[in-house]
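Colleague: Residues 209 to 275 in the numbering used here are what the sequence shown lists, from first letter to last.
Hints are supplied without guarantee of correctness; some may be wrong.
When the alpha-carbon atoms are kept at most 27 Å apart in a straight line, the in silico BS3-like pairs for lysine-lysine are as follows [said to hold, decoys possible]:
(1) Lys-226 x Lys-242
(2) Lys-272 x Lys-262
(3) Lys-226 x Lys-239
Treat the hints as calculated values from the structure; they're not laboratory data. Just so it is clear, the structure is predicted and the values come from calculations on it, not from any experiment.
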Amino acid sequence: MTDAQIFYRLHDLKPSLKSEVYDFIEFLLQKQKKNKETKKPQFGCAKNKFVISKDFDAPLDDFKDYM
209 MTDAQIFYRL HDLKPSLKSE VYDFIEFLLQ KQKKNKETKK PQFGCAKNKF
259 VISKDFDAPL DDFKDYM
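Generate the whole structure from the sequences, applying the supplied hints.
Modeller: Here it is as structure tokens:
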């Protein structure tokens, strides 16, 4: 649907219904604005949430045959 088609349909509506359409358009614009406002993660926000064991770099027993 093009803007012109919407305009012609809107032109035929009663003033009270035009008011409702305007309110709905405002609602949709606010909804669209909220979707764009996503927070970016800050550096260090996951600090102390993950623990790496002390032997992380140690060779695995499962790979002894290959070494």
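Colleague: Run every hint past the structure and note whether it holds.
Modeller: These are the hints, each one checked on the structure:
1. The straight-line distance between the Cα atoms of Lys-226 and Lys-242 is roughly 25 Å, inside the 27 Å bound, and the hint therefore holds.
2. A C-alpha spacing of about 20 Å is found between Lys-272 and Lys-262, which places the hinted pair at or below 27 Å, so the restraint holds.
3. Simply put, Lys-226 and Lys-239 have alpha-carbon atoms about 20 Å apart, close enough for the 27 Å limit, and the pair holds.
In summary, this structure violates none of the numbered hints.
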